[in-house]
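S.K.: In case you want the letters, here they are:
There are 2 protein chains.
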Amino acid sequence: MKKLINTPERLVDEELAGMALAHADLIRVEEPNIIVRRDAPRKGKVGVISGGGSGHEPMHGGFVGLGMLDAACPGAVFTSPVPDQMLAATKAVNGGVGVLHIVKNYTGDIMNFEIAAELAGAAGIEVKSVVMADDVAVKDSLWTAGRRGVGGTVLAEKIVGAAAEKNADLATLAALCQKVQDNVRSMGMALTSCTVPAAGKPTFEIGDDEMEIGVGIHGEPGRERRKLATADEITEALAVPIIDDLPFKRGDRVLAFVNGLGGTPLIELYVVYRKLAAILDGRGITIARNLVGSYITSLDMAGCSITLLRLDDELIRLWDAPVHTAALRW
Amino acid sequence: MKKLINTPERLVDEELAGMALAHADLIRVEEPNIIVRRDAPRKGKVGVISGGGSGHEPMHGGFVGLGMLDAACPGAVFTSPVPDQMLAATKAVNGGVGVLHIVKNYTGDIMNFEIAAELAGAAGIEVKSVVMADDVAVKDSLWTAGRRGVGGTVLAEKIVGAAAEKNADLATLAALCQKVQDNVRSMGMALTSCTVPAAGKPTFEIGDDEMEIGVGIHGEPGRERRKLATADEITEALAVPIIDDLPFKRGDRVLAFVNGLGGTPLIELYVVYRKLAAILDGRGITIARNLVGSYITSLDMAGCSITLLRLDDELIRLWDAPVHTAALRW
Numbered sequence: 082m083k084k085l086i087n088t089p090e091r092l093v094d095e096e097l098a099g100m101a102l103a104h105a106d107l108i109r110v111e112e113p114n115i116i117v118r119r120d121a122p123r124k125g126k127v128g129v130i131s132g133g134g135s136g137h138e139p140m141h142g143g144f145v146g147l148g149m150l151d152a153a154c155p156g157a158v159f160t161s162p163v164p165d166q167m168l169a170a171t172k173a174v175n176g177g178v179g180v181l182h183i184v185k186n187y188t189g190d191i192m193n194f195e196i197a198a199e200l201a202g203a204a205g206i207e208v209k210s211v212v213m214a215d216d217v218a219v220k221d222s223l224w225t226a227g228r229r230g231v232g233g234t235v236l237a238e239k240i241v242g243a244a245a246e247k248n249a250d251l252a253t254l255a256a257l258c259q260k261v262q263d264n265v266r267s268m269g270m271a272l273t274s275c276t277v278p279a280a281g282k283p284t285f286e287i288g289d290d291e292m293e294i295g296v297g298i299h300g301e302p303g304r305e306r307r308k309l310a311t312a313d314e315i316t317e318a319l320a321v322p323i324i325d326d327l328p329f330k331r332g333d334r335v336l337a338f339v340n341g342l343g344g345t346p347l348i349e350l351y352v353v354y355r356k357l358a359a360i361l362d363g364r365g366i367t368i369a370r371n372l373v374g375s376y377i378t379s380l381d382m383a384g385c386s387i388t389l390l391r392l393d394d395e396l397i398r399l400w401d402a403p404v405h406t407a408a409l410r411w
Numbered sequence: 082m083k084k085l086i087n088t089p090e091r092l093v094d095e096e097l098a099g100m101a102l103a104h105a106d107l108i109r110v111e112e113p114n115i116i117v118r119r120d121a122p123r124k125g126k127v128g129v130i131s132g133g134g135s136g137h138e139p140m141h142g143g144f145v146g147l148g149m150l151d152a153a154c155p156g157a158v159f160t161s162p163v164p165d166q167m168l169a170a171t172k173a174v175n176g177g178v179g180v181l182h183i184v185k186n187y188t189g190d191i192m193n194f195e196i197a198a199e200l201a202g203a204a205g206i207e208v209k210s211v212v213m214a215d216d217v218a219v220k221d222s223l224w225t226a227g228r229r230g231v232g233g234t235v236l237a238e239k240i241v242g243a244a245a246e247k248n249a250d251l252a253t254l255a256a257l258c259q260k261v262q263d264n265v266r267s268m269g270m271a272l273t274s275c276t277v278p279a280a281g282k283p284t285f286e287i288g289d290d291e292m293e294i295g296v297g298i299h300g301e302p303g304r305e306r307r308k309l310a311t312a313d314e315i316t317e318a319l320a321v322p323i324i325d326d327l328p329f330k331r332g333d334r335v336l337a338f339v340n341g342l343g344g345t346p347l348i349e350l351y352v353v354y355r356k357l358a359a360i361l362d363g364r365g366i367t368i369a370r371n372l373v374g375s376y377i378t379s380l381d382m383a384g385c386s387i388t389l390l391r392l393d394d395e396l397i398r399l400w401d402a403p404v405h406t407a408a409l410r411w
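Protein sequence lines, in the order shown, are assigned to chains A and B.
Just add 81 to the spot in the first sequence (first one is 1) and you have this note's numbering.
Just add 81 to the spot in the second sequence (first one is 1) and you have this note's numbering.
These aren't lab readings, by the way, just hints derived from the structure by calculation.
Among the hints, erroneous ones may be present.
Since the list gives no way to pick one copy over another, a pair counts as held whenever it fits inside one copy or between any two copies.
[To be verified] Calculated pairs, SDA-like style, for lysine to any residue (alpha carbon to alpha carbon, straight line, at most 20 Å):
#1 Lys282 x Gln259
#2 Lys83 x Asp290
#3 Lys83 x Glu305
#4 Lys282 x Thr311
All figures in this text were calculated on a predicted structure; none of them were measured in a lab.
So that you can see chain A by itself, here it is in the shape it has in the complex (with noise of 0.2 Å):
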């Protein structure tokens, strides 16, 4: 295992002590391990929180400030956070209108966030949850019931907390929040496993002319294992399956993200880009929006995903509007 790291062990806490100090204007980290925007609670403003396990960053703790996220919970890396990490983030952005949970489908998030979400309330917190669930690759996995949360989170996290920071109210963010997952697809691929540090070894095997379709963030298996093909081949079978989900149709405006996995550079996700618009404008589906970069990230997995969102004009004017986090600004 070849890392920039201390211990596995100290790896979250040394990784949030280094956000803190690089990112001291946008946030805070308090314990239990929440990011927490700088300027939180701010009074009749909705907090907007999500978190998850850690070893996909900047997801979350990179969109915590104006515009997008209130608060992050990192876990362990790719263990959920603990309900009391939900909690205290949920209380330390509540400026008394309520405060939403943006949650990804993994069974261990819906359940420490549920029972955080329970205790918020207990507390006087009004609280609701929206599960992302986007990954068009494989209903269920090991670890979820369902699809699993993927791209889809980011675009979500941007949206509402853009309408968050205009003071939308927690029900409405919520819907919007709904409207964005019901209207968002996605599915990755990897070229080569990750290798989470407490394990020491990839977590899985895949041989040097191989690569994983449909994979999920965590290295869960995908729709198949095939032959390595070409960056227009790659595009192809992620983009046609997201297409015919939704589906999205001749005349759709969407917004087009292309998303490296952390060990991939920028300079292949370019290449995933440009077949991906070709494949769109063929079917007479516009990009209005796009994203290139790695924004939800599985370690130090090569590989790539797409994701697509519907977009209408009230999603690109969130999607437009000012943010201000280490990862994404405007």
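With chain A held as given, fit chain B onto it using these hints.
M.R.: This is chain B only, laid out in the frame that chain A set:
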């Protein structure tokens, strides 16, 4: 070799096509493979261009836009661009008051930028060139006479671009770029080799328990091959030679830049940043600004580099000035 590409021969063309599609609001891509700011040339503004081999993305093409570069010339992977590219870029950004070439110190880049500058001069365009050579690892290498140009180039492009945006004249910009060079030092390290697509195999062999301290951005040998160490030890091994070289002294304010080499995920870079901050704090050096992410890469190499730039009020003001490019934006 596992990469998201079609063929090695088409990689750069297809990447540029993807960039042109993704960032049509910022750039245009023209023959012979140059990335030009969409609104160039701007009359009365000095054009600022850079270039070098591909494989270091987002550098340089991702830095074309408001407040940074007016054009970038990407060569083949790890291969200098040809003088025709630099000449075309120089002409494309010529607003009538001269063009600055920011050149990383590699023999091929130096030679080809010199030829292009002569040709531009013959065409009536005044050109000044500044050579970036900030890598403290080795004095001469296979690819260079003198020190290699690395991470300091990113900072120079941002700072000089900000001044150019305010219509500073050519001599002022050249002096400013030289000031950045005089105050910036870098060093990198690799956990793994990169793989050049056309070669199809790793550039160098490295054991599972080894790392290369002082590696170059093309996988050139560094200062020494060592046994794998902790992130803290690695950070120390990079930071101390950098600090001692300038030297950076008690009371200095610096921009601390922790850069990923392409195959290293963000979570690890924050662990390095945390230790770097502690080392600087221990020496009475203040981090006034920072940058953490993968901005000058070596294809899929796992590893990182550290760059320190001594700041004064002028450099801070220019660093903070607005920038809107594919890879840096605020």
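S.K.: For every hint, state whether the structure bears it out.
M.R.: Status of each hint after checking the structure:
1. Neither within a single protomer nor between protomers do Lys282 and Gln259 lie at most 20 Å apart by alpha-carbon distance, with minima of 37 Å and 46 Å respectively.
2. In this assembly of identical chains, the alpha carbons of Lys83 and Asp290 lie at most 20 Å apart only when taken from different copies (8 Å versus 22 Å within one copy).
3. Taking the closest pair of Cα atoms, Lys83 and Glu305 come within 20 Å of each other only across two copies (17 Å); inside a single copy the shortest separation is 28 Å, beyond that limit.
4. For the homomeric pair Lys282 and Thr311, the shortest alpha-carbon distance between copies (17 Å) is at most 20 Å, but the shortest distance inside one copy (27 Å) is not.
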